[in-house]
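J.: Each chain is listed here by its residues.
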Amino acid sequence: MSKAVFFDIDDTLYDTSGFAKLARKAAIGVMIDAGLPLSSDEAYKLLREIIKEKGSNYDKHFNVLTKQVFGEEKPLLIALGMITYHNVKFALLRLFPETIPTLIYLKSQGYHLGVISNGITIKQWEKLIRLGLYHFFDEVITSEEVGAEKPDKKIFQQALDRMGCNAENSIMIGNKFSEDILGAIDIGMDAILVNSELSREEKLFLKERNIELEVLPNLQDIKKIL
Amino acid sequence: MVYWLNDNSRFLEIKDKAQSFIFQVNQNLPEGMELEFEGFFQRGFFVTKKRYALIQDGNIVVKGLELVRRDWAPVAKKTQEKVLRALLEEGSPQKAVRIVQDTIQEIKDGKISLEDLVIHTQLTKNPEEYVQSAPHVMAAKKALLKGRKVGPGTIIRYVVVKGRDTISQRAVPLEDADVSQYDPSYYIDNQVLPAVTRIIEAVGYPKEDIIHKEKQSSLDAFF
Chain A
1 MSKAVFFDID
11 DTLYDTSGFA
21 KLARKAAIGV
31 MIDAGLPLSS
41 DEAYKLLREI
51 IKEKGSNYDK
61 HFNVLTKQVF
71 GEEKPLLIAL
81 GMITYHNVKF
91 ALLRLFPETI
101 PTLIYLKSQG
111 YHLGVISNGI
121 TIKQWEKLIR
131 LGLYHFFDEV
141 ITSEEVGAEK
151 PDKKIFQQAL
161 DRMGCNAENS
171 IMIGNKFSED
181 ILGAIDIGMD
191 AILVNSELSR
201 EEKLFLKERN
211 IELEVLPNLQ
221 DIKKIL
Chain B
227 MVYWLNDNSR
237 FLEIKDKAQS
247 FIFQVNQNLP
257 EGMELEFEGF
267 FQRGFFVTKK
277 RYALIQDGNI
287 VVKGLELVRR
297 DWAPVAKKTQ
307 EKVLRALLEE
317 GSPQKAVRIV
327 QDTIQEIKDG
337 KISLEDLVIH
347 TQLTKNPEEY
357 VQSAPHVMAA
367 KKALLKGRKV
377 GPGTIIRYVV
387 VKGRDTISQR
397 AVPLEDADVS
407 QYDPSYYIDN
417 QVLPAVTRII
427 EAVGYPKEDI
437 IHKEKQSSLD
447 AFF
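Quick mapping for you: the protein sequence lines, in order, are chains A and B.
Mind the numbering: the first sequence is residues 1 to 226 in my numbering, read in order.
Mind the numbering: the second sequence is residues 227 to 449 in my numbering, read in order.
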């Protein structure tokens, strides 16, 4: 039976949080230059409310924004906003420096690599391609395909099935305790929490469920377990 | 099994190592002498042995650097804070110098608001009982003339304005101050510069570099 390592994408393989805000601000700046009658702060606040309401995977945030401000959609402003957002986002898209060496190491150890992600399939592949990572991954399992989001067991089970692995031979790496780590331990996989703090409640939760917790002070320590 | 990749735990490891090192050293020290573990800091600089600034997880620890002087205006405190953060968080003396230069320029351009210029000092006795004429005493006397009640315990808020008299004589109660009248030289020479020069000099920039940003680069600077 083959052994597998599954990854979350955003803020695990690459640094997401920083750039989305910058890209949104840049988009708003261009829209204001072209006649959006709001201050930068007002427009950013409004856009954030729209994103919160519609979800970050909704693809017409700028349409809604212009409709709310003008009472009708403004195609020029929407296009300007979209193009600027995407240009800035792609200019800023960066892997964590440790990502590629870690993936190469795992490959050299004979692991199959997969992605388990809450999101739209084509968008997740797009990220892997733009980041130059897609050759590393055998499968990308998304909530869109499975119809269930992490930490739901279904998405983890389907990932294991598609990779031909069982839970004991697999490990999940992610930055969200409530999605990546909980989902993995629920199905009996080991898990590594990265780029995140572990709260007292979370530590307590593991203790109550008799799940052993080991702190790895250094990325190199991953080599001891994988 | 859950693993937590946590770089911060390295600090705990360092603490362990430091403590076992200290334990060994202390066994060999003469009686009455003891080494203690003060903390683990990511970055710091020392002006002298007893004057230093250190940072740990975003918290700045300052010793002997006159971080808080009661008679400092917010503009001086804020500039010092920004300078320390540039040095300790970003390790950038260049940025620190630029912060000071920019602040000096803003002061010269009259861009500082009254609330950043105001100095607070508490009166300990009635204004007329003071022998010396400190700025806050002079400001208090002006407030008295305007019919306001001041006495022991009153906190005098004043701003130093332009003029030819002594600094004390130019201290005006906040209520009567006009922001366009503040004295740039006083706020640069007596507030901002004293708050930051010692720090910036300690990381290798002479005071002259801070003040004269338009200074020509020497040829050496290009190599």
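The set of hints was computed from the structure by calculation and includes no laboratory data.
Among the hints, erroneous ones may be present.
Stated by the list, open to error - Distance condition first, Cα-Cα at most 27 Å in a straight line; then the derived DSSO-like pairs of lysine-lysine:
1. B:Lys-321 with A:Lys-223
2. A:Lys-21 with B:Lys-334
3. B:Lys-321 with A:Lys-25
4. B:Lys-334 with A:Lys-223
5. A:Lys-67 with A:Lys-45
6. A:Lys-67 with A:Lys-123
7. A:Lys-123 with A:Lys-154
8. B:Lys-321 with B:Lys-308
9. B:Lys-241 with A:Lys-203
10. B:Lys-308 with A:Lys-25
11. A:Lys-224 with B:Lys-241
12. B:Lys-243 with A:Lys-224
13. B:Lys-368 with A:Lys-207
14. A:Lys-203 with B:Lys-334
15. B:Lys-276 with A:Lys-21
16. B:Lys-276 with B:Lys-433
17. B:Lys-304 with B:Lys-351
18. A:Lys-67 with A:Lys-153
J.: Hint by hint, where does the structure go against what was stated? Just the numbers, ascending.
T.: Hints 1, 2, 4, 13, 14, 15, 17, 18 not satisfied by this model.
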